[in-house]
Amino acid sequence: MQSTACLHVTDSFGIRRTVPLLKPVFTIGRKVESDLHIMSTTVSRDHGEIVCEQGIYYLVDKGSKSGVFINGQRVERTALSNLDRITLGGADEYQIQFIVNDQSDQLSSTDGLASGEMNLAATAKEKLKNLARYVEINQAFKFSLAPDDVLTLVVDAAIELAGAERGLIMLKGDGEGLAFKVARDNRRNNVEQRDFALSTRVVREVLAENRTVILNTTPANDQQMQSVYNLSLQTVICIPLHQFQMQATVGVTSMLQRKLLGILYLDSRRQTGHLSQTNSRLLDSLAFEASKALENARLLHEEQEKQRLEREFEMAQSVQVALLPTSDSTPQSKYFELAAQSLPCRYVGGDFYDLMALQNGGTVLTLCDVSGKGISAALLASVAQGVIEAQFYAGASPAGVATTLNRVVVNRSDANRFITMFCSVLGDDGNFSWVNAGHNPSILARQTGEIEMLSTNSLVLGAFDFAEYCVTNTRLLPGDVVFIFSDGVTEATNGSDQMFGDQRLQDLVRRNKDRSAQEIKDLVMSEVLAFTSGEPQGDDITVVVLKMK
Amino acid sequence: MDINLRSEGNVTILDLQGNLTIGAAEESLRQRVEQLLATDKKHLLVNLANVPMIDSSGIGSLVKSFTNAKNQGGKVKLLKPTRLAKQLLSITGLLSVFETFDDEATAVASF
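Chain order of the listed sequences is A and B.
Residue numbering for the first sequence follows my numbering, starting at 15 and increasing by one per position.
Residue numbering for the second sequence follows my numbering, starting at 8 and increasing by one per position.
Source of the hints: derived by calculation from the structure; they are not laboratory data.
Certain hints may be false.
[Stated by the list, open to error] Only some residues are given here: those of chain A computed to face chain B with a beta carbon under 8 Å:
#1 R431
#2 F432
#3 T434
#4 G452
#5 S469
#6 N471
#7 S472
#8 V474
#9 F478
[Unchecked claim] The following residues of chain B were derived to be distant from chain A, with all beta-carbon distances above 12 Å:
#10 T19
#11 D47
#12 F108
Model, not experiment: these values are computed from the prediction.
All C-beta atoms in this analysis are idealised placements derived from N, C-alpha and C, irrespective of residue type, glycine included.
Given these sequences and hints, build the entire structure.
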């Protein structure tokens, strides 16, 4: 004989339903695609399953952390008998009963009728609290729960609690009107919006008076209720949903502000029934808990949006990091050493450097600082980096690169942004030709202990189309160190509002000029970070160190 | 940052008070200059005496103001930049672009 089996499930909201076991393998778990989706954080994604083999149903543990139980006994794979109670470890609030070859419909419906009005109101509040709590838990665990899912949960719970036939939620959008969100019937099916003829009069009244409206109509004697009458609805309950916000007022006190979020609309064609008798206290808690659940979902959604943006920033960061030379692509030579690092103060920054070997000899060292911070600066930085690289590959001199980049930025950027740049080419013969376009002077620490500042007071890039740049040539000798940096180094600020400063940096470089490029770079970075000792980094910090061997 | 306006003949003096740094301060200077240019006040003298700190965005707002004024036949000049401001203007090459004065009467007479 082919047996028919089902589960009686009472979920964490106290909502009871019958789930038929129609598939040969029926999955149970936290995974949304599970045949029985358990909404509990402590249940495994694939927790267990019920397998039907030759008419016999087996409960199988799918390697869950907390186990599956039949009548309190933990099992691995055990045949189920009629009326067995199934429990999932970590989700005791779920009551699951296995039913085979019986009249399950009768059982559940007599059970439902047995609960009286008082009882219903009391448990209803509990169930609603569970709903809000569920959303909170999801929030705490940062589970993905789409706002629409919460709306569906709220409507389903409301229909059940009020004993309505159908329910829908409309929420305020950006404009004035209400937007349809979700409509359900008491069999937990979605209802099309067009099938849901709304009494606009009731909705208007709720919105105007900001209170719950209950309407009982009898077709014979109420001419004023035209639209409701036409819809042949007997009972309508329309509840305003609110967003509660703590709002600071003048002084220290804050107040809980109520802002209309939308409406929950329930109706029933039956003339009598739960809906018309639903007591007002139940409706109040329904309105409050539903609002709270929606508010929690909104907060969760905001949190997720924030996380999504953070992921975007992280991706932008890795793109920007990838644009910088790696240790492998940094030019190597027996005549010099190079070391460089850039620390953006946000995910991405307006600082960048480039180190590249030219095909016909010579090594490019460039450091740029785009004014401003963050994404907007990083976008312009990327353009600038592309222009510089392309210009050098096309054979331009540092002065030509500066002139071209100036024009590009003047033409293609809003005028209050500019770029400062130190751009140089080190020839194989030790000739160092450089342009300083409005950038802070780079430090040349001679092997002899002298300090030269590499600056010509030339204009920043991108401010004026008439700016011109010319190259300065300096001969570098073995042991000389060129220290190129952005103002984030010297303007790094400690807790007492003191800046790291030019003098401190010059002394540091001079004292350590005999070390390797890498050591000098590391030393300056750690000195700057030690100086600011935990103060938030106010600007991007970038250094390039050239050491002649 | 606060901006107070004074008039000396056909010159409008903008007395800045506070840091000219990224965010609201540079934004408000730029907007204020745009408003003045729109109302045909084209001779602008920006007083930096009480601006302890300028960053690159602050410099950016001065450059933008300068360019806007120039494009509309006006002029932006600077009064009493602090040592730090002067240093920054020098490094960025902007001392060659901005006319800078330490004396208000001379500055006003120069327009």
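Hints versus structure:
Of the supplied interface hints, the one on R431 (chain A) holds, with its beta-carbon coming within about 6 Å of a beta-carbon of chain B, less than 8 Å. The restraint placing F432 (chain A) at the interface with chain B holds, with a minimum CB-CB distance near 6 Å, inside the 8 Å limit. For T434 (chain A), the suggested interface contact is upheld, since its CB lies about 7 Å from the closest CB of chain B, less than 8 Å. The restraint placing G452 (chain A) at the interface with chain B holds, with a minimum CB-CB distance near 4 Å, inside the 8 Å limit.
Interface restraint check: S469 (chain A) against chain B, minimum CB-CB distance 7 Å, threshold 8 Å, status holds. Contact between N471 (chain A) and chain B, as hinted, is supported at the beta carbon level, the nearest pair being about 5 Å apart and thus within 8 Å. Because the smallest distance between the Cβ of S472 (chain A) and any Cβ of chain B comes to about 5 Å, under 8 Å, the interface hint for this residue holds. The beta carbon of V474 (chain A) comes within 5 Å of a beta carbon in chain B, closer than 8 Å, and the hint placing it at the interface holds.
A distance limit of 8 Å between C-beta atoms decides the matter here; for F478 (chain A) the minimum to chain B is near 7 Å, and the interface restraint holds. Remark: the non-interface label on T19 (chain B) is consistent with the geometry, its nearest Cβ contact in chain A lying 20 Å away (cut-off 12 Å). Distance to chain A confirms D47 (chain B) as a non-interface residue, since its nearest Cβ pair spans about 21 Å, more than 12 Å. With a least CB separation of 19 Å from chain A, F108 (chain B) remains clear of the 12 Å interface cut-off, as annotated.
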